[in-house]
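With the hints as constraints, model all of the structure from the sequences given.
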Amino acid sequence: MTTWKKTMKAVDWKSFRHAYGTAEDLPDLLKKLAKGKKGAFHDIEASAMHQGGLWPAAVPVVEVVTAMIGDGVAPKQPLKLIRTAAEAVGNGLGSADVVEATRVALDKAVPVLIPVLAAGGRDAVKVADLVVHLGTPGPELTAALVDALDSGGKLSWVAARTLGHHDLFPGSDDPRLTVPAALGRFEAGHATGEDVELVAAHADLVTKRENPSWIGSVPRGEEVLLAMEPSSEVAHGLLDAAERSRSITPAVASRVAEFLTSSEEVGEYDFDLLIRLPRTPEVLDAIDQAAPRFDGEILLSQPHASAALILAEAGDPRWERHAETAIRWALEHRDEAESTELYASKDIGVHSPLGIALAEVGVVPGRELATLIGEALEVLDPQGKEFTWWSVARWAATWPAELQEPLRAAAKRLNPLNPHWADSEADLQRIRDEAKDTRDLIPLARHTGLLDDWLAALAATEGTHHEKVDEQFPERDHPQLVAWWQGILADSDHEQEQVAALKGVVEAGAMPVAEGWDRVVALVTPKNYFVGDAARLASEWSDRVDDTARAGLVERLATVVAEAEYDRAECGTVLVRLGGQWPLSPEDTATMVIRDLLTNYKGPDSAVTLCELLRDQEPEATEQFASRMRALLEGDRRLVPSIREDEEKQARLRRCLGLLEQG
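Count the sequence shown with full-length UniProt numbering and you get residues 1 to 663, in order.
No lab work stands behind these hints: they were computed from the structure.
Using N, Cα and C, we set each Cβ at its ideal position, and we do this for glycine too.
Any given hint could be a false lead.
[Said to hold, decoys possible] Derived BS3-like pairs: lysine-lysine, alpha-carbon spacing no greater than 27 Å straight-line:
#1 Lys-80 / Lys-35
#2 Lys-527 / Lys-602
#3 Lys-9 / Lys-37
#4 Lys-37 / Lys-6
#5 Lys-126 / Lys-80
#6 Lys-154 / Lys-126
#7 Lys-208 / Lys-154
#8 Lys-38 / Lys-76
#9 Lys-14 / Lys-527
#10 Lys-503 / Lys-468
#11 Lys-5 / Lys-32
#12 Lys-80 / Lys-32
#13 Lys-154 / Lys-14
#14 Lys-14 / Lys-31
#15 Lys-126 / Lys-208
[Unchecked claim] Beta-carbon label-pair distances, calculated as ranges:
#16 Thr-599 / His-494: 21 to 27 Å
#17 Val-350 / Thr-3: 47 to 53 Å
#18 Lys-35 / Glu-100: 45 to 51 Å
#19 Thr-525 / Arg-413: 49 to 55 Å
As structure tokens, then:
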């Protein structure tokens, strides 16, 4: 039996947990990994190293894949798992005991990695690269990296960079080695002025070997990128640096503008980086200059439309020029272009039809732009399916009457179910007759305010939950609304919808509080992705039940805080407010709060509130929070490569640290 199989067999996998429960499934996945089966790596990583954080099962996983490499199994996939684990250790993502145990397992992997490095080839490059995340290498591994400097090509470059990262580069006169060593010092956060000059002087060597955009994510990287010739990669790096620091210097703005207004075309992703920046005057100028230079395939949003939206939000009158250009482009290309939809973006991944986006901002066009829009609406095919022009007609419905009147007939033709364009009760009745779904019926109900129209919108949901109907239906105890909620409770397995329906029926008096309480508390489980919603509603009702019922909720909340992957800080806040005993050690609490601060898409409020609540109740945990956050903020390079240059993340940590230190 091979060593890795013996190692795997010796593990009591039932005693280890990963993100989805006990680790009994990992042996089969590890066998598939050894055979090179697709998907095995991702399944192991997603469970034992979920979202970059270490679970207890990560420790035996590292031990087994290390043994695989020693047994001659193709090292590509095992090395990827070792790298993920090493990154998690470096970032301190996991409980203290698991991080330390994983660190020990990684240290034991080094003797197995050295022969792979010495053998050369692609796998050797991967080993040289992951050593960055293993901490300072010992003498044998350092010697192997130094030997790799003579190999030439990519391996010598990566080895020099890793040695530079750890301040172990032996020195050389060859720029092919001294430059990557300097890049390693950049990556580690301790580059010198000489390093800046060296890399800037050999910028062409850097761009031949690697994409230099990453340099924008490290201290002093901006200085190097400013010395490079303008290119898409350099612009990406400069904009990344500007986004991380939440500021853009005149020098960066000038260099980005130089690229974005040069003869080289501006791609959609170049433009996308601009819209991630704070709306300083320099950034608004760069956006204004970049949109006309766009000359690529339109994948999701039209740069002129996006520029119009961003400038309109900033109150910059230049928005009209970009809106006009976008509309003229659509008109001119409507016959030959595959699509002339005008989608605008103000954030990455968020795309809105131009008309809806501008309506939400609340801007009104001047007479010239309004006239152009009227002409566009007149020439378009009334049977056309393009959402842009339907949305522009909706925008026109928000304009002053004097701008609406000339295009009223065209807008009504394009958007015949918009009640705003109705001229009579007969028109409203026509909309009722022709409306097909909630998209048409909810605006009608809002417009008329009639209960019958709201009932029609309710019926159009066909028994599925609709947030707008739920929130805006005027009679909260109407029998049909109550029946709708009851149907959702009976048929839907979506936890968020169940919480909304429970809130509705209880507040309408159609279900006893005690029954609603039992059902919402049953949703407070570690496996519920929306457990925070359930905990929040239970908290609202907690003064309407007895002590025994509250104790049951507290017990469930403690389990969620200890085991769940989602909404732990939010549930922890409810737990502490209800007087529950805190279930985590100080170190685990600090890890949980910091992970929530840095990853929660809902924002930092729950974690910050929890810090404030725990400050007086858990003084030992408070000191752990403070020491961990100080370590992150003080630039410990083993902990903070993802935080060091991100001012938004640092601001969240400072906010928590300030609350803790007030105690």
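Q: List, from low to high, the hint numbers that the structure doesn't satisfy.
A: 13, 18
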